[in-house]
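Chains as they are written, first to last, in the numbering used here: chain A, 1 to 138; chain B, 1001 to 1138; chain C, 2001 to 2138.
These are calculated hints, taken from the structure and not from any lab test.
Glycine residues also receive a C-beta, built at the ideal position from the N, C-alpha and C atoms.
Take the hints with a grain of salt, since some may be wrong.
A few chain A residues facing chain B, derived, Cβ under 7 Å [unchecked claim]:
no.: 1; residue: 1
no.: 2; residue: 26
no.: 3; residue: 52
no.: 4; residue: 82
no.: 5; residue: 112
Residues of chain C clear of chain B, computed beta-carbon distances all greater than 12 Å [what the hints assert, rightly or not]:
no.: 6; residue: 2013
no.: 7; residue: 2014
no.: 8; residue: 2032
no.: 9; residue: 2043
no.: 10; residue: 2054
no.: 11; residue: 2058
no.: 12; residue: 2099
no.: 13; residue: 2106
no.: 14; residue: 2107
no.: 15; residue: 2113
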Amino acid sequence: MRQASGTLLVTAPRQGLHLITDAVAGWVAGQGVGEGLLTLMIRHTSASLLIQENAAPAARRDLENWLARIAPESRDFEHDDEGPDDMPAHLRSVLTATTLSIPVQDGRMRLGTWQGIYLCEHRRQPSGREIAAHLLGA
Amino acid sequence: MRQASGTLLVTAPRQGLHLITDAVAGWVAGQGVGEGLLTLMIRHTSASLLIQENAAPAARRDLENWLARIAPESRDFEHDDEGPDDMPAHLRSVLTATTLSIPVQDGRMRLGTWQGIYLCEHRRQPSGREIAAHLLGA
Amino acid sequence: MRQASGTLLVTAPRQGLHLITDAVAGWVAGQGVGEGLLTLMIRHTSASLLIQENAAPAARRDLENWLARIAPESRDFEHDDEGPDDMPAHLRSVLTATTLSIPVQDGRMRLGTWQGIYLCEHRRQPSGREIAAHLLGA
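The following block holds chain A by itself, in its conformation from the complex (with noise of 0.2 Å):
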């Protein structure tokens, strides 16, 4: 048993989901474990992951406009230092995930057919973001 830590480096092209399935998978391959278990966690809090539909834009596009009703951008917010985006971007990162743990098997994630790995970029300027990312494994 033994274990590899990294960092990912993303920039999201813009605000919004973003697959980052193919860069994930391609550390894992890296560290040449076959069996095991990987942790991601976003080192951010008005960024997020979330493990969703891979396939269709307008899913995407749903989802990006469904969080934007739940956690809207309002006046109505005490901590707005950054902007009106500012709280906006933490409340969507609640909604979806900091941590993401996935079992691995064959060297790759056991992700299911239509499952991909998002980047959540919440704010409207987007700056590089880090994922932890640690496996542990034979």
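Dock chains B and C against the given chain A, drawing on the hints supplied.
Chains B and C in isolation, oriented as in the chain A frame:
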């Protein structure tokens, strides 16, 4: 230290939340690991996992109703290839969990007295669901 | 590779979000593991865990208010055995997290600069809460 990987196959009797604690506990008990970490990941994007109140049917019904209010069937979704319950199923999956990490001791999950593990079937027409299971420990 | 299991006992001073980062970091530091994986699972269904903004009290208040809007106290719940804050406490737990997985390096959690770990106490009358902790590494 050693690990075990498996797949739990479950089919919900109908749309909604269904306790699968016993099936998960049975799989864990069969691996002969005393202390360790259990990871569950559902391999679908229109069904999900949840740890919640295991005793009161009324709490389960309130939870189902609340999910239906927060992520309602609506004509406003662009993605409706598989019917009006398609996109809400994805959203209700986002609100709940795709992966769970559960510490194990004495061969048993360390769930609290009132905690149960639910399969959340968000489609009206249930189908067979795969849950990837991984147990690491000694 | 080795592992450690423990229980963190925490009581919130009042309903809402309370930082417990230091208590968790202390437990991790005491296990003598340099690199590894920390898992936290709260053993309750009316309190939860969350990784979010650790610095701005206004962000914390906005988050508490938003949870109260999305999962409000209401007369419409069937399950109210323990009062009007009973069912909303379960729903706010669903919106946040029951389990967290956090990579560890150099004996410290790899949290980002602005990330803190919160105990979310959703009942009006706080009680002692148990958080199962598991650390695996070397």
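Worksheet item: In terms of Cβ atoms, is chain B entirely out of 12 Å range of residue 2113 of chain C?
Response: Holds, since 24 Å exceeds 12 Å.
| Hey, does residue 2032 of chain C actually stay past 12 Å from chain B on C-beta? | The assertion about residue 2032 of chain C holds, with a minimum of 16 Å to chain B.
Query raised in the report: Is the Cβ of residue 2099 of chain C more than 12 Å away from each Cβ in chain B?
Result: At about 5 Å from chain B, residue 2099 of chain C fails to clear the 12 Å cut-off, so the statement is violated.
Inset, instruction - Using Cβ atoms only, decide whether residue 112 of chain A comes closer than 7 Å to chain B, and label the hint accordingly. - result: holds, 3 Å
Status of the hint placing residue 82 of chain A at chain B (closest C-beta pair under 7 Å): Where the cut-off is 7 Å and the nearest Cβ of chain B is about 25 Å from residue 82 of chain A, the hint is violated.
Query - residue 2013 of chain C non-interfacial with respect to chain B [C-beta, more than 12 Å] - result: Answer for residue 2013 of chain C: holds, closest chain B Cβ roughly 22 Å.
Residue 2106 of chain C non-interfacial with respect to chain B [C-beta, more than 12 Å] = The claim stands: residue 2106 of chain C keeps its Cβ more than 12 Å from every Cβ of chain B (closest is about 21 Å).
Subject >> Status of the stated non-contact between residue 2058 of chain C and chain B (beta carbon gap over 12 Å) >> reply: holds, 25 Å
_Outside-interface status for residue 2043 of chain C - nearest CB in chain B farther than 12 Å_ = violated, 3 Å
Interface hint check: residue 26 of chain A, Cβ to nearest Cβ on chain B, cutoff 7 Å. Holds or violated? Violated, about 20 Å.
Distance rule for residue 2014 of chain C, whose beta carbon must clear each one in chain B by more than 12 Å: Given that every Cβ of chain B is farther than 12 Å from that of residue 2014 of chain C, nearest at about 22 Å, it holds.
A cut-off of 12 Å on Cβ-Cβ distance, and residue 2107 of chain C was said to be off the interface with chain B. Does that hold?
Holds, since 19 Å exceeds 12 Å.
Checked against the numbered hints given earlier, the structure breaks hints 2, 4, 9, 12 and satisfies all the rest.
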